[in-house]
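*Asks:* As given, the protein sequences belong to chains A and B, one line each in that order.
Using my numbering, you'd call the opening residue of the first sequence number 1 and step up by one each time.
Using my numbering, you'd call the opening residue of the second sequence number 1 and step up by one each time.
Straight-line alpha carbon distances no greater than 20 Å define the calculated SDA-like cross-link-like pairs of lysine to any residue that follow:
(1) K333/A / Q35/B
(2) K333/A / D245/A
(3) K333/A / R42/B
(4) K333/A / L39/B
(5) K333/A / A36/B
Treat the hints as calculated values from the structure; they're not laboratory data.
Note that the coordinates shown come from a computational prediction; the quantities given were computed from them, not determined experimentally.
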Amino acid sequence: MAVTAPDEVVLERVAMATRCTVRLPVTDSATLPTLQAAGAAALGVLSTVEATCTRFRDDSPLMVLNRAPDRWQVVPPLLFEAVVEAERAHHRTGGRFDPRVLDALLALGYDRTLPFGHADVHLEAPAAPPAGSSGPSGPSGPARSAGPARSAGPAGPFRPGLRPETCEVRLGRHPIDLGGIGKGLAVRWAAAAVADATTDYLVDAGGDCACGGTAPGGGDWLVGVEDPAATGTAGGPIAVLGLRDRAVATSSIRLRRWTAGGQPAHHLIDPRTGRPGDGGLLAVTVVAEDAAVAETWSKALFLAGHRNLHRLATVNGLAALAVDEDGRVTTTKEMDRYLQWQRN
Amino acid sequence: MHHTASRHADEGTADTTGPVVPPDDLLAAGDRRAQARTLAQRTEARQRTRRRILPAALAGASVLALAGAADRFVAGTVPAVPAATTGVTPTAGAASPAPSTGTSAATLNRISQTLAADRRAITALAQAQAALARSAGGDSGGGTGGDHGSSSGGAPPSVSLPSLPALPSASSLSVPAAAPTTHATTGASVVVP
Numbered sequence: 001m002a003v004t005a006p007d008e009v010v011l012e013r014v015a016m017a018t019r020c021t022v023r024l025p026v027t028d029s030a031t032l033p034t035l036q037a038a039g040a041a042a043l044g045v046l047s048t049v050e051a052t053c054t055r056f057r058d059d060s061p062l063m064v065l066n067r068a069p070d071r072w073q074v075v076p077p078l079l080f081e082a083v084v085e086a087e088r089a090h091h092r093t094g095g096r097f098d099p100r101v102l103d104a105l106l107a108l109g110y111d112r113t114l115p116f117g118h119a120d121v122h123l124e125a126p127a128a129p130p131a132g133s134s135g136p137s138g139p140s141g142p143a144r145s146a147g148p149a150r151s152a153g154p155a156g157p158f159r160p161g162l163r164p165e166t167c168e169v170r171l172g173r174h175p176i177d178l179g180g181i182g183k184g185l186a187v188r189w190a191a192a193a194v195a196d197a198t199t200d201y202l203v204d205a206g207g208d209c210a211c212g213g214t215a216p217g218g219g220d221w222l223v224g225v226e227d228p229a230a231t232g233t234a235g236g237p238i239a240v241l242g243l244r245d246r247a248v249a250t251s252s253i254r255l256r257r258w259t260a261g262g263q264p265a266h267h268l269i270d271p272r273t274g275r276p277g278d279g280g281l282l283a284v285t286v287v288a289e290d291a292a293v294a295e296t297w298s299k300a301l302f303l304a305g306h307r308n309l310h311r312l313a314t315v316n317g318l319a320a321l322a323v324d325e326d327g328r329v330t331t332t333k334e335m336d337r338y339l340q341w342q343r344n
Numbered sequence: 001m002h003h004t005a006s007r008h009a010d011e012g013t014a015d016t017t018g019p020v021v022p023p024d025d026l027l028a029a030g031d032r033r034a035q036a037r038t039l040a041q042r043t044e045a046r047q048r049t050r051r052r053i054l055p056a057a058l059a060g061a062s063v064l065a066l067a068g069a070a071d072r073f074v075a076g077t078v079p080a081v082p083a084a085t086t087g088v089t090p091t092a093g094a095a096s097p098a099p100s101t102g103t104s105a106a107t108l109n110r111i112s113q114t115l116a117a118d119r120r121a122i123t124a125l126a127q128a129q130a131a132l133a134r135s136a137g138g139d140s141g142g143g144t145g146g147d148h149g150s151s152s153g154g155a156p157p158s159v160s161l162p163s164l165p166a167l168p169s170a171s172s173l174s175v176p177a178a179a180p181t182t183h184a185t186t187g188a189s190v191v192v193p
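Given these sequences and hints, build the entire structure.
*Replies:* Structure below.
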């Protein structure tokens with residue numbers, strides 16, 4: 001659906017199971033057709049990334065790759081690049097971002113799109129992870145009482161085999177999930193699709209945003225940070241960021257949480273334990289130059305927990321905002337320059 | 001886009017790319033140092049607050065003390081019976097009890113003197129507070145001290161206040177306001193089934 005306002009083009013679509021929006025300020029009405037075409041192309045990129053990298057369709061290129069992860073397979077260029085970026089993110093975050101969490105998610109019952117936010121999600125006690133899906137060391141320590149089977153994360157760094165000349169990939173022992181980087185990559189590539197037409201844009205895929213240039217009127221793009229402790233849509237943002245040529249992403253457990261066998265679970269898996277991260281945080285927001293970088297760091301910082309988050313963010317010069325389980329908001333110094341407003 | 005060179009998958013190989021994540025024990029040590037710095041900063045902040053507030057408090061207290069001293073001075077030196085030229089020099093605490101017929105009058109006289117001294121002290125304190133408010137950026141247009149509550153008696157005790165750090169003007173203070181209208185929201189991505 002395209003809604004053309006006097007000062008911007010706004011296009012929306014559902015992709016990656018979430019609402020996606022492209023906003024392009026209009027300074028010259030003669031550029032309207034060009035902007036509309038660029039916006040449509042950006043939305044098309046989002047849909048293409050979803051079709052290629054989703055794990056919720058058995059015939060997606062990612063799931064075909066996952067069926068035989070230890071074999072060389074030809075993949076589409078977009079998937080090849082996604083695997084490359086996932087490896088980069090893995091090393092950039094010191095292993096805290098690890099795409100090899102698919103088995104853990106499946107073990108917790110998250111094997112399909114679930115109605116998060118529309119109804120409480122309760123899943124039966126999941127089956128044991130597929131044979132060989134645990135790391136070489138097998139489950140570590142005694143299983144938690146009455147909870148889903150615990151499995152240690154994969155041992156060793158994520159180093160997929162890559163043959164760029166032939167677009168071949170060999171993942172290794174474990175299948176992968178690109179949910180922790182896919183939206184960021186989609187936003188990055190969608191933003192690239194409009195860059196030829198304009199330097200002023202906002203591409204938003206479910207809250208992962210790339211903000212180029214200026215908003216209508218010439219100021220910064222203003223992005224609200226959701227309050228993860230709020231119920232429903234009440235309460236308003238806890239902060240508003242002013243962004244220009246920056247991207248922002250949030251890792252949050254406000255919606256994607258469920259019970260599996262009566263035990264609480266959420267989608268942000270700690271690769272070291274194979275379990276949902278329990279560092280005492282509800283959400284982490286990161287501003288970076290790139291959406292995929294912002295997304296992977298937001299997840300890595302979430303998994304670092306409130307005790308280690310600020311040290312990790314400071315060491316890496318990250319602009320981060322965290323909300324802990326008590327609703328307390330903390331920010332790094334680098335985030336201060338983006339804060340336009342903050343709730344008391 | 002940059003493509004990595006071809007290589008084989010090799011799980012289990014030690015990561016040699018150089019960590020960007022300090023080990024947890026170093027992180028914990030860093031946390032302890034950060035906590036110590038935070039504690040030192042808080043202590044310094046409290047000391048700064050004391051340095052800022054204490055002079056004014058001391059000034060006020062000194063004014064009241066002076067008022068008390070003035071009261072004692074008045075009580076000690078004002079003769080029980082009005083007559084300052086009898087040649088008798090009373091000493092502190094040595095004033096003879098007034099004759100019973102003049103006790104009530106003398107007492108009332110002392111009370112009125114004390115009250116007058118108290119009023120002068122209160123006036124001086126108010127003037128000091130007004131001066132402090134003016135130094136904080138108020139634009140009441142008031143001039144120097146002496147415009148408020150002028151005493152009817154003698155000159156108020158002079159109080160020299162220490163110089164106080166300038167306070168931020170009200171316009172520079174952040175006032176809670178409603179969140180501005182946003183172009184997007186980042187948070188948990190809404191699931192559209």
